[in-house]
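Chemist: Taken in order, these protein sequences are the chains called A, B and C.
Residue 134 in the UniProt record's numbering is what sits at position 134 of the first sequence, and the numbering runs on without skipping anything.
Residue 186 in the UniProt record's numbering is what sits at position 186 of the second sequence, and the numbering runs on without skipping anything.
Residue 67 in the UniProt record's numbering is what sits at position 67 of the third sequence, and the numbering runs on without skipping anything.
It is worth saying that the hints were derived from the structure and are not from the lab.
None of these values were measured; they are calculated from a predicted model.
A portion of the hints provided could be inaccurate.
What the hints assert, rightly or not - Straight-line distance between alpha carbons at most 30 angstroms, and here's what the computed DSS-like set of lysine-lysine pairs gives: (1) B:Lys168 with C:Lys195; (2) A:Lys65 with B:Lys132; (3) A:Lys5 with C:Lys17; (4) B:Lys33 with C:Lys17; (5) C:Lys164 with A:Lys45; (6) A:Lys98 with B:Lys132; (7) A:Lys125 with C:Lys199.
To be verified - One side only, chain B facing chain A, incomplete, derived with CB under 10 angstroms: (8) Leu7; (9) Gly9; (10) Leu68; (11) Tyr70; (12) Leu71; (13) Ile74; (14) Ser129; (15) Asp162.
Where a beta carbon is used, it is the ideal one built from N, C-alpha and C, also for glycine.
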Amino acid sequence: MAKKKDTFINMVVSLFVITIVAGLSLGFVNELTVGPIQKGKIERKINALKLVLPEFDNNPVEDVKMIKSDLAKDSVEMYVAKKGENNVGTAVIGSSEKGFSGLIKIMVGFKSDGSINNIQVLEQKETPGLGTKMKDDKFIEQFRGKNPSEFNLKPTKDLGEVDALTGATITTRAFGEATQMAYDIFMKEGSTTKTKKD
Amino acid sequence: MEYIIILIGAVFVNNIVLSQFLGICPFLGVSNKVSTSVGMSGAVLFVMTIATMATYMLHEFILVPAGLEYLRTITFILVIAALVQMVEIILKKVSPPLYQALGVFLPLITTNCAVLGVAILALGMENASLLKAVFFAVANSIGFGLALILFASIREHLELADLPKGMKGVPINLLVAGLLSLAFLGFTGLV
Amino acid sequence: MAEALNQKDNFLKGIIKENPVFVMLLGMCPTLGVTSSAFNGLGMGVATLFVLLMSNIVVSLIKSQVPSKVRIPAFIIIIASFVTIVEMVLEAFIPFLYEQLGIFIPLIVVNCLILGRAEAFASKNNVMSSILDALGMGLGFVIALTALGAAREILGSGSIFDIKFVAENANTFILFILPPGAFIALAYLTVFFNKISTKEAK
Chain A
1 MAKKKDTFIN MVVSLFVITI VAGLSLGFVN ELTVGPIQKG KIERKINALK
51 LVLPEFDNNP VEDVKMIKSD LAKDSVEMYV AKKGENNVGT AVIGSSEKGF
101 SGLIKIMVGF KSDGSINNIQ VLEQKETPGL GTKMKDDKFI EQFRGKNPSE
151 FNLKPTKDLG EVDALTGATI TTRAFGEATQ MAYDIFMKEG STTKTKKD
Chain B
1 MEYIIILIGA VFVNNIVLSQ FLGICPFLGV SNKVSTSVGM SGAVLFVMTI
51 ATMATYMLHE FILVPAGLEY LRTITFILVI AALVQMVEII LKKVSPPLYQ
101 ALGVFLPLIT TNCAVLGVAI LALGMENASL LKAVFFAVAN SIGFGLALIL
151 FASIREHLEL ADLPKGMKGV PINLLVAGLL SLAFLGFTGL V
Chain C
1 MAEALNQKDN FLKGIIKENP VFVMLLGMCP TLGVTSSAFN GLGMGVATLF
51 VLLMSNIVVS LIKSQVPSKV RIPAFIIIIA SFVTIVEMVL EAFIPFLYEQ
101 LGIFIPLIVV NCLILGRAEA FASKNNVMSS ILDALGMGLG FVIALTALGA
151 AREILGSGSI FDIKFVAENA NTFILFILPP GAFIALAYLT VFFNKISTKE
201 AK
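Produce the complete structure using the sequences and hints provided.
Modeler: Below, the structure written as structure tokens:
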């Protein structure tokens, strides 16, 4: 086969053809994957919600409330879980940037009386083997059933009531701060949504 | 204050080479002399800043409004490749001395993953803005330069060291990079 | 017969003699960046193998149609397209791995290994040889990444492919899953690899 000459027209045509083919095939694959990607994202959110909230039968992802608060830079997501007509709990995304390696994002599920049902870690960059232990059941267990109005979310070192992770006090402190933030937003916003009948 | 945190974060805490592993190829490749590593750092500072500015605008004003985010990788790499070519041509015309200093490094930068990496990372920053993205690129290229120059000055001394045969060359360089990275690990938790 | 032997060499060279990681030092960023566990190393290796294989095939098919002055941009477009496809497919079907590999997926595009093979091999050889070349080089890359990931996981987390073999609270060398451990583990693996390959050459 003869090699194509380096004429201007040849160069333009060949690059053009390659770009068109590449663009079209990417568009095609995008069409195929965009559905599963969206579905997967929602599924993961629902799975996290199922873990932190008591049993519910509505679709909290659909009735998400975006709350603008001065406690956080971006608006905060709040999910209300219902069983029949009753509010059974609320999940709030709490975050803190004071983790050992920056942002920690958690989902905190509250029962309607304000006590913590369960917590899930959504995003973190902590030290593997030390700070990442905040995902372990053993650590999260101490928060379950506690009401932050009477349970101090600070680590014992700061005169709080949370047993810090070994070698990861900073992570523990940030985790408590994120939980506190979720609680504050829940108290401020959650109580108003409760009285609203819909 | 926010900008100081970005600067310290990018240079020390999350150093692009030593803790994010971007730009390892030039880090290992052009670090045998301090003088060449200074030249390379200059070229990276130059290209990374312009490239991040260009890709950020491309993403904000064309890809997102048109719903074409999935073309991000392909458009970014083309923009960077084209930019590097353009910078090379312009430098040659406008400032021959600068071209003399940076010229040889420019073609290497297209495949420097630090440039594409920072361009992509800049999109994911909180409350991102063009100014912040550009500042982020500058901070990261300073981090790149710091790591590269430190590493090169250690390597210059290493040439005199008497090493076991198996450790010579690549392995000892990697080991030194590991120790340097260990030192930078001490900065974690600073911001 | 000679032809068949050549093809075998062509395939095997990427695994030992010209191993992309230990010998040629190509694709170091993902090698160091994602190998905190054996599974991540394997995933990254396979993703790279796929892009390398596909781009080698396409490049060798169209090599005579592309004028040589624009071949590098043409190769970059081809490689970037396959990388984007990998990115989308991973996000849709293996989201767990997608999150673990993070920014290193789009960065496959600037992996010097892929552009290097397209330029040095696929643009000069036929499709069959290019496939074998890509498979050999890709496998060499997969083996290197999995080995490094496994070494770091064993030392750093006391597990292999997420199967723990030490007690839950046992102390492990956490250093090895942190960034410095990547450099240090790779340094010793390279020494080890060089030892084996020089022995084989004798």
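Chemist: A separate judgement is required for each hint: does it hold in the structure or not?
Modeler: We went through each hint and held it up to the structure:
About 12 angstroms separates the Cα atoms of Lys168 of chain B and Lys195 of chain C, which keeps this hinted pair within 30 angstroms; it holds. Among the hinted pairs, Lys65 of chain A with Lys132 of chain B is consistent with the structure: their alpha-carbon atoms are about 29 angstroms apart, no more than 30 angstroms. Among the hinted pairs, Lys5 of chain A with Lys17 of chain C is inconsistent with the structure: their alpha-carbon atoms are about 36 angstroms apart, more than 30 angstroms. Straight-line distance between C-alpha atoms of Lys33 of chain B and Lys17 of chain C comes to about 29 angstroms, which keeps the hinted pair within the 30 angstroms bound.
For the suggested pair Lys164 of chain C and Lys45 of chain A, the alpha carbons sit about 28 angstroms apart, so the restraint of at most 30 angstroms is met. Using a Cα cut-off of 30 angstroms, the hinted pair Lys98 of chain A and Lys132 of chain B holds, with the two alpha carbons roughly 20 angstroms apart. Proximity of Lys125 of chain A to Lys199 of chain C is assessed by CA-CA distance (about 42 angstroms); at most 30 angstroms being required, the pair is judged violated. With 10 angstroms as the threshold, the beta carbon of Leu7 of chain B stays out of range of chain A, its nearest partner Cβ sitting at about 15 angstroms, so the hint is violated.
Taking 10 angstroms as the C-beta cut-off, the interface hint given for Gly9 of chain B holds, the closest approach to chain A being about 8 angstroms. Against a cut-off of 10 angstroms between C-beta atoms, the interface hint on Leu68 of chain B holds, since the closest Cβ of chain A lies about 9 angstroms away. Interface hint at Tyr70 of chain B: satisfied, since its Cβ lies 5 angstroms from the closest Cβ of chain A, which is below the 10 angstroms cut-off. With its C-beta approaching chain A no nearer than about 7 angstroms, Leu71 of chain B sits inside the 10 angstroms limit, and its interface hint holds.
For Ile74 of chain B, the suggested interface contact is upheld, since its CB lies about 7 angstroms from the closest CB of chain A, less than 10 angstroms. A least Cβ separation of about 13 angstroms between Ser129 of chain B and chain A goes past the 10 angstroms threshold, and the interface hint is therefore violated. With its C-beta approaching chain A no nearer than about 36 angstroms, Asp162 of chain B sits outside the 10 angstroms limit, and its interface hint is violated.
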